[in-house]
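Participant: Following the hints, put chain B in place on chain A, whose structure we already have.
Protein chains: 2
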Amino acid sequence: MKVIEGGITAPQGFLAQGVCAEIKYKNRRDVAVIYSALPCTAAAVYTTNVVHAACLDVCRSHLENGRAQAIVVNSGNANACTGKQGLDDAIETAVYAAGLLNIEPQDVLVASTGVIGVQLPLERVLCGVKQAVSTLTPEGSGNTAMAIMTTDLVKKEIAVQIELQGRTVTIGAIAKGSGMIHPNMATMLAFITTDANIEAECLNKLLKSSVGISYNMISVDRDTSTNDMAAILANGLAANPVIDDEHSPDYKTFKAALDYVNTALAKKIARDGEGANHLVEVQVVGAADQNAARTIARSITASNLTKAAIFGHDANWGRILAAAGYSGAVFDPSRVDIYLGREKMCQNGMGLSFDEEKARKELERENVTIIVDLKSGDGQATAWGCDLSYDYVKINADYRT
Amino acid sequence: MKVIEGGITAPQGFLAQGVCAEIKYKNRRDVAVIYSALPCTAAAVYTTNVVHAACLDVCRSHLENGRAQAIVVNSGNANACTGKQGLDDAIETAVYAAGLLNIEPQDVLVASTGVIGVQLPLERVLCGVKQAVSTLTPEGSGNTAMAIMTTDLVKKEIAVQIELQGRTVTIGAIAKGSGMIHPNMATMLAFITTDANIEAECLNKLLKSSVGISYNMISVDRDTSTNDMAAILANGLAANPVIDDEHSPDYKTFKAALDYVNTALAKKIARDGEGANHLVEVQVVGAADQNAARTIARSITASNLTKAAIFGHDANWGRILAAAGYSGAVFDPSRVDIYLGREKMCQNGMGLSFDEEKARKELERENVTIIVDLKSGDGQATAWGCDLSYDYVKINADYRT
Chain A
1 MKVIEGGITA PQGFLAQGVC AEIKYKNRRD VAVIYSALPC TAAAVYTTNV VHAACLDVCR
61 SHLENGRAQA IVVNSGNANA CTGKQGLDDA IETAVYAAGL LNIEPQDVLV ASTGVIGVQL
121 PLERVLCGVK QAVSTLTPEG SGNTAMAIMT TDLVKKEIAV QIELQGRTVT IGAIAKGSGM
181 IHPNMATMLA FITTDANIEA ECLNKLLKSS VGISYNMISV DRDTSTNDMA AILANGLAAN
241 PVIDDEHSPD YKTFKAALDY VNTALAKKIA RDGEGANHLV EVQVVGAADQ NAARTIARSI
301 TASNLTKAAI FGHDANWGRI LAAAGYSGAV FDPSRVDIYL GREKMCQNGM GLSFDEEKAR
361 KELERENVTI IVDLKSGDGQ ATAWGCDLSY DYVKINADYR T
Chain B
1 MKVIEGGITA PQGFLAQGVC AEIKYKNRRD VAVIYSALPC TAAAVYTTNV VHAACLDVCR
61 SHLENGRAQA IVVNSGNANA CTGKQGLDDA IETAVYAAGL LNIEPQDVLV ASTGVIGVQL
121 PLERVLCGVK QAVSTLTPEG SGNTAMAIMT TDLVKKEIAV QIELQGRTVT IGAIAKGSGM
181 IHPNMATMLA FITTDANIEA ECLNKLLKSS VGISYNMISV DRDTSTNDMA AILANGLAAN
241 PVIDDEHSPD YKTFKAALDY VNTALAKKIA RDGEGANHLV EVQVVGAADQ NAARTIARSI
301 TASNLTKAAI FGHDANWGRI LAAAGYSGAV FDPSRVDIYL GREKMCQNGM GLSFDEEKAR
361 KELERENVTI IVDLKSGDGQ ATAWGCDLSY DYVKINADYR T
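Going down the list, the sequences are from chains A and B. In terms of my numbering, the first sequence is residues 1 to 401. In terms of my numbering, the second sequence is residues 1 to 401.
Hints should not be assumed to be uniformly reliable.
It does not matter which identical chain is used: a pair holds within one copy or between any two.
[Claimed, not checked] Simulated pairs of lysine to aspartate or glutamate, EDC-like, Cα-Cα distance not exceeding 20 Å: (1) K84 with D337; (2) K84 with D332; (3) K344 with E357; (4) K361 with E343; (5) K344 with E281; (6) K358 with D398; (7) K84 with E123; (8) K24 with E356; (9) K2 with D259; (10) K394 with E364; (11) K130 with E22; (12) K361 with D398; (13) K267 with E5; (14) K24 with D314; (15) K2 with E163.
Calculated directly from the structure, the hints in this document are not laboratory data.
Isolated chain A, as found in the complex (with noise of 0.2 Å):
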């Protein structure tokens, strides 16, 4: 496998483009389309939150076939919680780009990520799609990444190629952050394309196993948003044989691509995160299957306290085994080790006498590894988040006015 620029636009056959429309501020790129030269193989997962956005039900209604061939997405404006004329305006936004790319509404999706509760200014959102479809380039990834923006500080995308029976396999994508971060079977919007042949139903397969280990693995502030949403457009373009036994090889090699990119994602949005210097990473082990370890693992990464420890460089472990305490899994809080790096903080649930100097030095990386060995089984997890910070709390104080 290897890692290739061009993001979502590096497989064949996709065009893409970002634009200002003013949906929010001026200046600044908001409304995006993502489009296939083919219809694909398309799967999606959304959130889990039982208030969602307009545009999730437009997906999951335009999902049912298991194709798609575009996307639209703004920032800006969640169209959450604006009742049936939001999910009118999302409507309307996929027959409106349908019409411009000539293609079938059925096989547009709509996404958008802002502000709760506010109407979308339809008028703009239409004018930016006119906009980016007439503007549609191989090289719109950039572009693209940042128009679904919102607090993010950084564009977040990847593309990476694999071989699969002498044929060359793209897989590219692009995600979003940085606010509301605690996926439940999806995250804050990640749109991967891919010209490689599958399955339907294997590839729905592929994306839901694949966030299980990446974006769901995340958290910034233990909201869970009404808009998170993850979507798979395959096109075939890379003409390999078609994929579609999860026993083959093809499936695996495929697998391990799609996870590394889901996965490098996932990193980047938690680095992200508002306010953040650090990304966190939690590795647990030795947990009794893997569920109790990415329960404790996610439970670790949530928890406020441990965030601040983490912000004021304070080797605070006790507030670690806590996190893992309270998490709802079960294990035996004395066979317990906590490493900090390199650095062993508490052996079977007991503090260790351990140099300050150098847990300190540890916590002042800017990625932060935290192992936990529960010493019980062969469960293991990874999850990651960030520090939480006076920025944190800045932005979230006066993020809507």
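Facilitator: Frame of chain A, contents of chain B only:
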């Protein structure tokens, strides 16, 4: 029912004292003893964190017979994650106090709060116990309430009197917060005394139900502590006819008073949450059932995004609805109304145009009230929390060191 002065030593026969023992800081009260002249009917509830302090194991064992006569408590050190040494220290503390008080070790409860994972400075604890026992006083509630404070800014005590068949019965209580507060079946240290004559099983039942609507409905940071504990001692000196029937009027009168005491302390803990500027009360009404109402109310009080918006006086009701949505409770978003104080922000799941200035005024109050009406049933619940401020981050970035 009448609210009176005197806190935990207001009921007849209770003495207490809190002294400076240098557990973590100099010149700060940090060891306390609460003592009843007569053996008491007693009950306690504890944290559900699987990682819990040694002292809780001692309490559990000592309360097997439903009886106790004294409580020893220290702040500055949680005696959690301290292994066999921690357990031995907790037992030795009980034995030592029992010797001084001339009672059975079995009748002494032990509680700790403070940093996790550091061995208890046992000599200093015992020295403090000796000092406290030698100066026990019926005016000792204030010093005791101070001795259990950690990052708390204000001491928390209350007492009430009720009449039961011509006898005056008093209930007194103290509690502490103020971080790692998201109790689950108990809270971060609350001690309740009463001179009521009450049967052990009734007392246990009353405490559990009262904790369910008071301490278990507050959150400061969604971190459930390792040391949470609420305990009640009843010495019978009020000489009321024994309360032993949960259908009796006396039971109900006592229950109302106990609920009042615990709810008042729970609100004090939330208001004094680390870095808090506001007490936030979330009233959920019209839920399918009480459980759904509780789940939603707690989810909103625990949402970092909602808390940061309140800190910024930003009427960002979409975050409130989103937090309800990911709570795990099922409801129909299109029926939800949301009020900030007297201002209606959202009707049938959609934003109303509202007066920004009036909404801001509601958020500038010291006590902020949020009402969420699901219009789907009779379930209701109230939860309390606080805003998320720079000071919360500051306090927890350098709490340990």
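Participant: Give a verdict on every hint.
Facilitator: For each hint, the structure was consulted:
1. Taking the shortest Cα distances, K84 and D337 sit within 20 Å of each other only across copies (16 Å), while inside one copy they are farther apart (53 Å).
2. Within a single copy, K84 and D332 get their C-alpha atoms only as close as 51 Å, which misses the 20 Å cut-off; across copies the closest is 14 Å, which meets it.
3. In this assembly of identical chains, the alpha carbons of K344 and E357 lie at most 20 Å apart only when taken from the same copy (13 Å versus 53 Å across copies).
4. Taking identical chains as interchangeable, the C-alpha atoms of K361 and E343 lie at most 20 Å apart only when both belong to the same chain, with a minimum of 10 Å there against 49 Å between chains.
5. Taking identical chains as interchangeable, the C-alpha atoms of K344 and E281 lie at most 20 Å apart only when both belong to the same chain, with a minimum of 16 Å there against 42 Å between chains.
6. In this assembly of identical chains, the alpha carbons of K358 and D398 lie at most 20 Å apart only when taken from different copies (17 Å versus 37 Å within one copy).
7. Taking the shortest Cα distances, K84 and E123 sit within 20 Å of each other inside one copy (17 Å), while across copies they are farther apart (69 Å).
8. Taking identical chains as interchangeable, the C-alpha atoms of K24 and E356 lie at most 20 Å apart only when they sit on different chains, with a minimum of 18 Å there against 47 Å within one chain.
9. In this assembly of identical chains, K2 and D259 lie within 20 Å of each other by CA distance solely inside one copy; the values are 14 Å within and 64 Å between copies.
10. Taking the shortest Cα distances, K394 and E364 sit within 20 Å of each other only across copies (17 Å), while inside one copy they are farther apart (22 Å).
11. For a Cα distance limit of 20 Å, the shortest separation of K130 from E22 inside one copy, 14 Å, qualifies, whereas the shortest one across copies, 71 Å, does not.
12. In this assembly of identical chains, K361 and D398 lie within 20 Å of each other by CA distance solely across copies; the values are 15 Å between and 33 Å within a copy.
13. In this assembly of identical chains, K267 and E5 lie within 20 Å of each other by CA distance solely inside one copy; the values are 18 Å within and 55 Å between copies.
14. Taking CA atoms no more than 20 Å apart as the test, K24 paired with D314 passes between copies only; the shortest distance there is 17 Å, against 39 Å inside one copy.
15. For a Cα distance limit of 20 Å, the shortest separation of K2 from E163 inside one copy, 10 Å, qualifies, whereas the shortest one across copies, 79 Å, does not.
Checked against the numbered hints above, the structure violates none of them.
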